[in-house]
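Chemist: Sequence:
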Amino acid sequence: MKFAIVSKGDERSEQIKSTIKQYLTDFQLEYNQNEPDLVISVGGDGTFLEAFHTYLQRLNETAFIGIHTGHLGFYADWVPDEVEKLIIEIAKTPFQIVEYPLLEVIIRGKSGGIEDRFLALNEATIKTADGSVVFDVEIKGEHFETFRGDGLCISTPSGSTAYNKALGGGIIHPSIDAIQLTEMASINNRVFRTIGSPLILPKHHTCLLKPVVDRSFLIAIDHFTTNYANVKSIQCRVAEERIRFARFRQFPFWKRVRESFIADENNR
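Residue numbers (my numbering): 1 to 268.
Source of the hints: derived by calculation from the structure; they are not laboratory data.
Don't take each hint at face value.
Pairs of lysine-lysine residues, derived as BS3-like cross-links and limited to a Cα-Cα distance of at most 27 Å, are as follows [claimed, not checked]:
hint	residue 1	residue 2
1	K2	K110
2	K110	K165
3	K17	K2
4	K21	K2
5	K85	K21
6	K127	K17
7	K127	K165
8	K92	K21
9	K127	K140
10	K140	K85
11	K232	K255
12	K165	K92
13	K21	K127
14	K140	K255
15	K127	K2
16	K232	K110
17	K85	K110
18	K92	K110
19	K127	K92
20	K203	K127
21	K203	K85
22	K17	K110
23	K210	K127
24	K140	K92
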């Protein structure tokens with residue numbers, strides 16, 4: 001089996017990376033950064049997102065696993081004290097594959113031509129540096145509302161525990177193929193009105209955002225932000241691709257949620 005390691009870059013993470021690389025190669029596994037079967041993320045959720053975006057073109061061939069070296073990582077199943085155990089598991093035990101849905105975002109410009117297509121593991125956020133975001137929101141080809149406010153967050157089920165949760169969105173189990181559209185400080189008065197609640201869209205429902213006011217937008221895909229001008233539309237839906245996690249033991253989603261947000265160190 002071929003493997004690669006993506007490290008946060010701090011001293012502790014680099015030491016763990018070095019240890020894993022040495023022992024797995026001693027077990028006759030091949031270190032291959034270009035075409036890995038398994039990608040090991042050592043760091044936090046930001047490092048895991050970096051690993052995901054590094055190997056976007058290999059989602060059908062590559063599985064991911066995380067070791068968190070800082071605060072509890074939502075995508076990381078293992079802690080540094082378990083590295084030796086994980087090394088043996090990787091070397092000796094076939095892993096189970098667990099798949100989570102992803103978000104597809106397609107940005108189209110007014111001049112036509114090439115479309116920019118992105119995949120997000122957590123979410124896409126749309127804001128502007130100048131005034132309010134104003135979008136006509138279409139769902140399944142029909143006008144739903146005109147949104148005015150600070151911005152919109154479109155999240156995956158696994159990303160529903162990230163920025164979406166901070167905005168008051170719901171937590172969705174990643175076995176459900178859906179995306180969630182959550183408002184950021186919408187303007188609601190006698191003139192302007194939005195639904196005011198997060199919308200959960202199934203796989204066969206596409207959300208299309210059409211700018212009403214011509215301005216540039218700050219569009220973030222996970223933690224990568226780009227400034228876009230002359231935007232015709234932003235299309236969001238559940239992607240055909242999925243992320244594949246390597247599981248060597250059970251770590252139920254709701255246990256992960258509880259340990260991330262509710263349980264303290266003394267009650268785990």
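Chemist: For every hint, state whether the structure bears it out.
Modeler: Hint by hint, here is what the structure shows:
1. K2 / K110: violated, 44 Å
2. K110 / K165: Violated - the C-alpha atoms of K165 and K110 are around 33 Å apart, more than 27 Å.
3. K17 / K2: holds, 15 Å
4. K21 / K2: holds, 11 Å
5. K85 / K21: Holds, at about 14 Å.
6. K127 / K17: Violated, at about 37 Å.
7. K127 / K165: Given that 27 Å is the threshold and the Cα spacing comes to 17 Å, the pair holds.
8. K92 / K21: holds, 15 Å
9. K127 / K140: Given that 27 Å is the threshold and the Cα spacing comes to 23 Å, the pair holds.
10. K140 / K85: violated, 48 Å
11. K232 / K255: The given pair, whose Cα atoms are some 42 Å apart, is violated under the 27 Å limit.
12. K165 / K92: The given pair, whose Cα atoms are some 38 Å apart, is violated under the 27 Å limit.
13. K21 / K127: violated, 41 Å
14. K140 / K255: violated, 34 Å
15. K127 / K2: violated, 40 Å
16. K232 / K110: holds, 5 Å
17. K85 / K110: violated, 54 Å
18. K92 / K110: Answer violated: K92 to K110 is near 54 Å, above 27 Å.
19. K127 / K92: violated, 47 Å
20. K203 / K127: Between K203 and K127 the Cα gap is close to 24 Å, so the pair holds against 27 Å.
21. K203 / K85: violated, 38 Å
22. K17 / K110: violated, 46 Å
23. K210 / K127: This hinted pair holds, its Cα atoms lying about 13 Å apart.
24. K140 / K92: violated, 48 Å
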